[in-house]
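Engineer: With the hints as extra help, turn the sequences into a complete structure.
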Amino acid sequence: MRLPSSGNPSLVLLFGSFSNYNTSFHYLNFKKLAGKTLFDKIWDAHVVDEIPGGPSVLYIDKHLIHEVTSPQAFAGIEKRGISVARPQNTVATPDHNVPTVDQHLPIKDQLSQFQVNKLTENCEKHGIALYGLNHPFQGIVHVIGPELGITQPGMTMVCGDSHTSTHGAFGSVAFGIGTSEVEMVLATQCILQPKPKKMRINVEGELETGVTAKDIVLYVISKITASGGTGYFIEFAGSAIRNLSMEGRMTVCNMSIESGARGGLIAPDETTFEYVKGREFAPKGEDFDKAVAKWKKLTTDADAVFDKELTFDAADIEPMITYGTNPGMGTKVKGQIPAESEIEASNLKTFSKAMDYMGFSAGDTLVGKEVDFVFVGSCTNGRIEDLRAVANFVKGRKKADNITAWIVPGSKQVEKQANEEGITETLLQAGFKLRQPGCSACLAMNDDKIPTGKLAVATSNRNFEGRQGPGSRTMLASPLTAAAVAVTGKIVDPRTLL
Amino acid sequence: MAVDKFITIESTAVPLPIENVDTDQIIPARFLKATTRDGFGENLFRDWRYDKTDQPKTDFVLNQDKYSGTILVGGKNFGSGSSREHAAWAIHDYGFKVVVSSFFADIFKNNALNNGLLPVQISDQFLAKIFEAIDQDASAKLKVDLINQEITIVSSGEKEGFDINSYKKECLLNGYDDIDYLLNKKDKIEQFEQSRV
Ligand code: SF4
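From first to last, the protein sequence lines stand for chains A and B.
Last residue of the first sequence: 545 (the numbering used here), numbering continuous.
Last residue of the second sequence: 347 (the numbering used here), numbering continuous.
Simulated from the structure, these hints should not be mistaken for laboratory data.
Remember, predicted model here, so these are calculated numbers, not experimental data.
Mixed in with the good hints, there may be bad ones.
[Unchecked claim] Result set (EDC-like, lysine to aspartate or glutamate): computed pairs, CA atoms no more than 20 Å apart in a straight line:
id, chain 1, residue 1, chain 2, residue 2
1, A, K126, B, D330
2, B, K336, A, E97
3, A, K343, A, D360
4, B, K335, A, E321
5, A, K126, B, D154
6, B, K338, A, D96
7, B, K338, A, D91
8, A, K126, B, D327
9, A, K341, B, E343
10, A, K88, B, E343
[Claimed, not checked] One side of the interface only, derived from the structure: several residues of chain B facing chain A at Cβ under 10 Å:
id, residue
11, N264
12, N315
13, S316
14, K318
15, K319
16, D327
17, D328
18, L333
19, K336
20, K338
21, Q341
22, F342
We put the CB at the ideal spot given by N, CA and C, even for glycine.
Structural biologist: Below is the structure:
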């Protein structure tokens, strides 16, 4: 690379500013002796360099790539005449664009086939591990990372997909990046990032039966709004979060970005270690014990200070559902769409536009509204626990006639386990349609589209206009609520059917 | 994208004394379908440059021979509108290295810097002086000195300082973008990796 020549006056300037900077760095470190947050500990341990007046050079432990946001980045490094810096730290799988039927056949959609081929080519050329279609490890990036033990506490992880925040559930700093940043990581295993502010959200107390991780996160976003987390990295804490399974914690961290936050994370504990233990790429034997000893230090110090801190009472949380066109427009399933008088003046326009799109009115009761589609899947709720929750609920019941119900496992492994546990059979008997792993109707890049005007209750993470297909209408909810809706054909509080 | 080293530029300038030049004027949305960053210069200010029958409009500055150079001087609030990087690509691809204005839209400024185009923000008064100098003599030269962060009207010697983020300044001076910057940190990155084993 073109290093400045020594005769260049800019070089002097440059080093001048670096030495200035050192002084302030020590000062910062000194200040942090007062107590560090979990986020600080992981972030600071990965800072290779800091740029005066600029972002940090952050080292990335794991880079996940998929077919849609990586081709331009590979083209970029090839144009520079360089190769992937640390191919062993990158893992690839096609997920966004893949069909969820007949995955053993050539892909019919040409663009999709082209992108999948490109991914395969690029991985072969650069020596990157690829779990392609039909590979037993294939699936949605954010589902396979954790289930293969690739995701581990204390890591920095990135992927060209905003829901990379999912991996924060393990006590890692994980966030989504753009294509030019994918290129940065491929080229150098580092990324230039300004350090975000820190927020802690505590959820204390016990959740009522029928209230799940998805309800926690939809509740939190409905309280802080879809932009309330902007500029922050959120640590989720409190007894209600501690009591969640790893799958539940992933759901919470996954949707943290729907509040505008850069990402979310949860301190690792026995639940985390137990989950990671024995997985394909997790440390084994003595290495595992050593790793756990290190991971146990990944907590926020008692005297650490957050830029913002909020506490919610778990007892206030009920099954939640969204009624509008951003994930912050959510309320209790049993509740009503707010009246116009309850909406802040500055939001009124967005609200009315959302009501028009959804075909709802201010003040409407949600229970009883007829639904057309139920979608269970995505990196938010396409894991084995989610499928299990749906199967347990629908066992011995049948889906309503007006409902088309799709279940899309998050990965091949989830699919396999669902078969082994008899979940698949239960779901088929209840009239659900089972698809093959992929992002599917979460973003409808493949054929899995909700038709125009149809109303879907989805376990995914975004209810934007047209997200599930042009003109589709989406209400986000938990897998349990989705199961109850599938059975009754209408919006219903699942607790009334337990 | 590696960019040319930027140290000092002395050039005649193209005046565009219009306020609020937005990204849709810089590059109309219908020209955004390309998948690479090249070739956008052809359609820079398309609808101001050409009429409906694709004939050049003689009254537009880019079509007037007397104006040339690698510095574009725009009115206040240059680059407002959408976040599309294409606007900066188009100006750079056309051959400009500097855009001068008394105010830039934030995102445009960043996009410009990321693509080797230097936005020079000066006072309204100094901007007026520049326009005046070019108006009196189309071959009036401007000197943009990035190291000292100064812009000078060469004929009169009048100058004014401008601000730039020190990291971006370093990138421009050395002709590299964020990825080049990181590639230059290779040793540090390797040291970091070794320190963790
Ligand atoms: S399931 Fe949806 S949110 Fe998750 S990675 Fe795929 S497209 Fe993104």
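Engineer: So, for every hint listed, does it hold in this structure?
Structural biologist: Checked hints:
no. : hint            : in the structure
1   : A/K126 x B/D330 : holds (13 Å)
2   : B/K336 x A/E97  : holds (14 Å)
3   : A/K343 x A/D360 : violated (27 Å)
4   : B/K335 x A/E321 : violated (38 Å)
5   : A/K126 x B/D154 : holds (16 Å)
6   : B/K338 x A/D96  : holds (8 Å)
7   : B/K338 x A/D91  : holds (15 Å)
8   : A/K126 x B/D327 : holds (14 Å)
9   : A/K341 x B/E343 : holds (18 Å)
10  : A/K88 x B/E343  : holds (17 Å)
11  : N264            : holds (8 Å)
12  : N315            : holds (5 Å)
13  : S316            : holds (4 Å)
14  : K318            : holds (7 Å)
15  : K319            : holds (8 Å)
16  : D327            : holds (9 Å)
17  : D328            : holds (5 Å)
18  : L333            : holds (5 Å)
19  : K336            : holds (7 Å)
20  : K338            : holds (5 Å)
21  : Q341            : holds (8 Å)
22  : F342            : holds (4 Å)
Checked against the numbered hints above, the structure breaks hints 3 and 4 and satisfies the rest.
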